[in-house]
Amino acid sequence: MPALVLENVEVIYDKVFLAIKGVSLEVGEGEMVALLGSNGAGKSTTLKSISGLLGPERGLVTRGEIRFGDRSILNLGAPERVAGGLVHVLEGRRIFGHLTPDENLVAAYRGRSIARFNQLREQVYAYFPRLKERIKSKAGYLSGGEQQMLAIGRALMTEPRLIMLDEPSLGLSPLLVQEIFGIIGTINAEQGMSVLLVEQNAAATLDIVSRAYLIEQGQVVMSGAAEVLKSNPDVQDFYLGGAEHTDYRNVKHYRRRKRWLA
Amino acid sequence: MTGDNVLVCDNIVRRFGGVVALKNVSVAVRQGEIFGLVGPNGSGKTTLVNAITGFYPPQDGTITLDGQKINGLKPFRIASMGVARTFQNVALFHGMSVLDNILMGRHIFMKPNPLASFLYPWWAQKEEIAHRRHVEEVIDLLQLAPARDEHVDVIPLGLQKRVELARALCAEPKLLVLDEPMAGMNQEEKEYMVRFILDAQDALGLTVLIIEHHMDVVTALCDRVLVLNNGQEIAQGPAREAIADPRVVEAYIGKPRNAA
Amino acid sequence: EDIKFGLLQDFTAVYTFVTGQYNQGQQDYLALLNAEGGIDGNTVTAIVRDTGNQPQRGIEAYNRAKEEGAILFDFLSTPVSAAVLDQIQADKNILITPAHGRGDASDGTVFPYVFPMMPTYWAQAATLIDHMKSTDGLDGKKIAFVHIDSPFGREPLPILEALAAEEGFEYQAFPYASPGNEQSAAWSEVRRYRPDYVMIWGAGGGQAVSVRTAIQNGVRPEQIHSVIWLAETDAANVGPAMKGVKRFEATASGTEHPILQRIQQQVIDAGKGSGDQANVGNSYYNLGVATMAIAAEAARLGLEGGQPLTGETLKAGFEKIAGYDAEGLLPAVTYTAEDHQGGGAGRVSEWDGEKWVPVSDWTVAYPDLIRRVIEESATKYKEGN
Amino acid sequence: MAYFLELLISGALTGLMYSLVALGFVLIYKSAGVPNLAQGALVMTAGYSVWMVMAWGLPVWIAIPLAAAIMFGFGLIVERLLLRRMVGQPVIMVVMLTLGLEILLRGLVPGILGSTPKPIDLGIDFAPIIIGDVFINRTSLYGGIAALALVGASLLFFRTRLGTKLRAVSDDHVSSWAVGISVERAIGISWGLAGIAAVVAGALWGSSQGVDWTLSMLLFPAVAVVILGGVDSIPGVVVGGILVGVLGTVIPGYLDSFVGGSTRDVVTSLIILLTIMVRPFGIFGREDIERI
Amino acid sequence: MFYRLSGTYHTSYAADRKLWKIPADRWMVILLLILAVLAPLYVSPLYLGSYVLPWVIWSAAALSLTLLMGLAGQLHFGFAAVMAIGAYASIHLVRFGVPFELALLLSGLIAAAIGTVFGGAALRVKGLYLVMATLAMQYLVDWVVVNVPAISGGAHATLRTPEVSFLFVPVESLAARYWLALGWAVVLTVFFMNVKRTSFGRALVAIRDKDFAAAVIGVDPFRTKLMAFATSSFMGGVTGAILAYCFYRAVTPEQFGFNVSIQLVAMVLVGGLGSVIGSWLGAGFVLLMPIFLTNVVSGLAAGGWVPVSQNFLSHLPLMIYGAMIIGFLLLEPLGLAKIYDNIRKYFLVWPFRHARS
Ligand SMILES: Nc1ncnc2c1ncn2[C@@H]1O[C@H](COP(=O)(O)OP(=O)(O)OP(=O)(O)O)[C@@H](O)[C@H]1O
Ligand SMILES: Nc1ncnc2c1ncn2[C@@H]1O[C@H](COP(=O)(O)OP(=O)(O)OP(=O)(O)O)[C@@H](O)[C@H]1O
Ligand SMILES: [Mg+2]
Ligand SMILES: [Mg+2]
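Protein chains in written order, with the working numbering: chain A, 27 to 288; chain B, 6 to 265; chain C, 3 to 387; chain D, 2 to 293; chain E, 71 to 427.
Looking at chain A on its own, in the form it has when it is part of the complex (with noise of 0.2 Å):
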């Protein structure tokens, strides 16, 4: 039974810009779904849509469905959507920057059980061993890859049962990239939470994920299992850089459009 379900969801922004159109997604128990578009094509918007983050950019679900477990969520706000166990990572970081990392935690924990806490609060620095290291200083100077280590952890602490990660390795060094998505894979693979993950580094991301969908333009344009787009040729082109290694000097000029025969 699949976790999440989006069925042709429709967001207009400020009551006159339409944003995404129909956008019908699914993600299942325990499965590591991703979410893969240029620059504005509307993944954040999705993201947002099922944590219910619309509300404060004046953007709002038009039409369409979206269920996570066997209710529908629609009406529920966000803080309701967390204790449901759905949780979002948002783009760029975002933690609280006057609180030190820990209070980061302390803040996200819901629950009541001080053990149950210490336990997650563990957990998550077991995962991230460097944000014990700053642990006193201001969350607001950590270096970005703490920042994103932070957020994620801070995610965690509200014990989800579904992680949507908005871009985890923008502006992160190669080596935090590799670290982050280890620890997403260790983190799906260990607990069974299911994951959302929104990325631009698509060649990383579809060596995870078991699906993925693309979107352009406020629509879903193709979806299907992880090998099967990897070996798409207009995947390759815009999302891989063809083969490995594009040679960027010489890339061209004016390229062919883009036709997704989805």
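Mixed in with the good hints there might be a few duds.
Said to hold, decoys possible - 20 Å max Cα-Cα, derived PhoX-like pairs, lysine-lysine: (1) E:Lys408 - A:Lys41; (2) C:Lys245 - C:Lys357; (3) C:Lys94 - C:Lys6; (4) B:Lys74 - B:Lys179; (5) B:Lys79 - B:Lys179; (6) E:Lys280 - B:Lys79.
Read the hints as simulated data drawn from the structure, not as lab findings.
Here the structure of chain A is known, so what remains is to put chains B, C, D and E with the ligands in place on it, guided by the hints.
Chains B, C, D and E with the ligands only, in chain A's frame:
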């Protein structure tokens, strides 16, 4: 391609409270080259750039631009001496359209004053329009025409980064500093961006200092790189060689996970 | 015929401490007047509106009420009165400024259409001084003048200055910052000054704070003499400790006067009262009643000049009033073309724990001095300011 | 010397009375990230509710907790009806909303309950405490003690997990939502707590000056306190309050008789200007983190 | 539909820089201007003198303030003090013998000088701190005015404006005063629109949006902010003088008190930050709404419609006014200008519903 040094940093030290973000970093960027600055997160790359552009003046060491000492100068002074930059977290003026943002890049050539705005005489109009011409050229160069009249905060991140680049280019800088211009882009957009940087460099004869985490881009684009770790240099030299250095691999690149 | 008075007052900002009761008294008196048949068959209607003490809104309210036919205006707000002063004179409408507004407007030659109606702040200060003199003499005595730091608070200073020389007392001014909810610094100083008498010059909540802080600093209630703005609400606020505090009054308080009796019967008991019954007979309520009683009298005399009543005939009516005392509610007042203050008689009363009890007769204190100050100031106004 | 001491003590106590008002401001700022311009009106409303409850004939020690409960509920209602819709909006809009609320309350409360000053009798003795030649005002003394107690309680509160969550909310509404913190409830609680602080302030100030709308003007000295102490700092409320009170009492105490006018507001204004020039974030305030 | 963007393409940069790019807009502006100039002919003195005239002047004030708050992002809660400086300066200058035209200019400059000193003192800070610094300015100016009788006009603190003429026309009749005020408001409006489309305005907005990014392209933040303070204070100072001469004709400290500053801020915010049309709408709303409500309420009361106490009645407008501000913020946080804009956009893309789909 190489010539005199445009930018020379000598033994830069910068501390934040107890943290030493830069420890005696020295670097020289030559006229016309693309110089890469890489290193793990928090290694001090942005701090170095901030020191150069005047935001966090170094506590020790000197920075010279074309032979002139610039450390201690205010950012806007340094800017008018011919250093333009983009920011790691896009720093556009979100209350303005794309066009106005790019026009802002011409600021150092205009002398804004309330009286001129008030009377707005024909020569001021002509001047505005002349600048506008220049801006349109840059817009063409970076293929921003379709987004020209949009508000910057509704265009996608990739475009925003391009607008920021356009704004920097409009200042006709001697030295262009780019802080992670390709973060958050997919393959296609990266290719475009590289193309733009190369085109701009061709067209304007720029010297570029670039921070980037995409190794494929760095190796393709940069003539030389400096690798920082914990605020210290761990390697410097031609891109491929510096990146192959075992210390760099260990601290920064990591072993390829699956060699496939 | 319908005579209209514009009672365009400040119900929501600075003067809230008085406006409610004052306006209630005014409206109730007019209701009584109309119930008794009006003035020679003319009814009097009040146009009541809030100005929030904002000059801007005051000007608008004035213009609108003028359009609606009002010929007499009461703003009960110094800034609003000041803002419309020139225009109202140009329009030849009557402005009454009982217990507020500029004192020099008493000079009817310079301010033909303005009627302060009752003792100015200068006359009030003089009356208080006179009362101190009558109780225990003034020679060699020390008076502490504790006032809010505003033009209103500083108004009595020239009178004190002049009288100090004349009567041989010493005085010192102690300003406190507006709005006066905190005055400890001033009173610490007052205590060290060791005054024989204390004069407090403020309004609203600041008055209760003054009395309280004075007593806390060892000033005896009997030593405290207040400007007209001290009433039953302040007494309730300060509590039993207030017993013995004196204040100036221009009208009697209480309900035993004939007019108030009739208001009770014909207005309140008839369910036509305009506010809380408990206020009837309060100082500010009676003050309001008195203003309308005088205005009605002026209208009556003005109508002798023929219908309809205009600003000009109303002015003439005012200037015909002689020895009117509103059946004992007021000292007898007489207005002339020169004197728009009506003589300036007032008295001092004391809080006995329940009500205000007069401790002096209606008197006019230092009339020559007051007249001199009025004329000096009025001349300055005429010369351009 | 005794004069100086007296000014010093009464200044410090008055300052702490201001701190009572300031505390509510800081509580809201620290947990919702909003400068609450309606805090003065909240104090006024609280003063009125204390008066109202006492007018029912209840003794002080019941009236105050009851009023506190009313005001806490009021805070929750404000959140539910108004602030809930503003989550994620620019701060200036929320500030404007608080300004609207201030206007609304200033109309509503005196409009319904009457605008002539209302008495509150807390039963505090009039006679000052006299030490040597120094007189100490009892109301201020109790006010000072209450302020210190409330500040202490607030400090403890922000140590708790709920406190941490509130601080998180003040940092970033959207990411608080994203990790499941109910921003709405957090804001409601912070307004409720500010309401409770307002009750203590309203009762004490109301007992000394009477309850009417002018209580809402206490906002200004309170904000001066907050600027000096740091907008989000609870200890700053105490230190800032004492400084504003002492300087605003001692200096006028010596200066006024020369100037012939009250210099208190001048002194306060200059304190603010100097603070801002010398130490923009107040004595204990947090600096904005801006990574370039 | 006449009101359409389609079909209006610009073929030169100059055309693209026009203030009103759509002919319908241009016609509307011209029509409004004609109506405004002719107002004394068809508006009754009551409405002209107590609604239109103050509205025009306060719109000018709101424009002055929104240059600082909206464009440059510097909050100012003491703007009434700036206007006070202009008002008092102009009166004393004229009394001193300076011609009125010059006195207006000088009073603006004096306001600019003093306003800039305070602005300069506050330049290191933003937001709430700036609010407080400017509030301190309000208090200090108030204090000086109240405590120096030579400035405020003697014991009663009332200062009447001398009789003056502007370009040989006596500023005496209501129409003359109205035209002077209207002229100034129009000048400010045009100026404001020019600022918005030239480099000065862009620099202000840049400082507001991201000061460090502005610095990196050569904008001197300090100088630019000072210029913003100076310009806005100049505008405010002259507006204060206009307010004194054209509307009040006798100034008292209360006319420029703290609550007036707050009202000004409300005008700017309710209208929509940094918007020309918003300044006009916001000024009208904040100024006229309480008056309008007072009249409505008293009308209802006179008709016996509302059986409640006088006290409640007089507070009712305050409540409604507060509630309306709140209502606006909840329904349209970006102010009246945004509402106007939405309506306009609706017509621009009519008959389509969404801008892009
Ligand atoms: N608050 C908003 N108001 C109006 N339009 C918006 C808003 N947020 C996003 N959009 C628009 O919606 C579209 C989808 O944006 P979204 O952020 O979902 O894209 P994305 O795929 O996440 O892109 P990126 O890779 O840049 O993060 C874009 O065209 C964007 O301009
Ligand atoms: N304003 C500041 N205050 C305190 N510490 C700072 C500040 N700016 C940077 N640092 C510290 O300096 C160090 C270097 O940071 P910097 O931003 O230069 O790293 P970076 O190399 O650019 O990393 P990334 O690749 O993540 O952008 C970090 O430890 C950071 O915490
Ligand atoms: Mg996105
Ligand atoms: Mg960096």
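Taking the hints in turn, this is what the structure says about them:
no., hint, verdict
1, E:Lys408 - A:Lys41, "holds, 13 Å"
2, C:Lys245 - C:Lys357, "holds, 9 Å"
3, C:Lys94 - C:Lys6, "holds, 15 Å"
4, B:Lys74 - B:Lys179, "holds, 15 Å"
5, B:Lys79 - B:Lys179, "holds, 18 Å"
6, E:Lys280 - B:Lys79, "holds, 16 Å"
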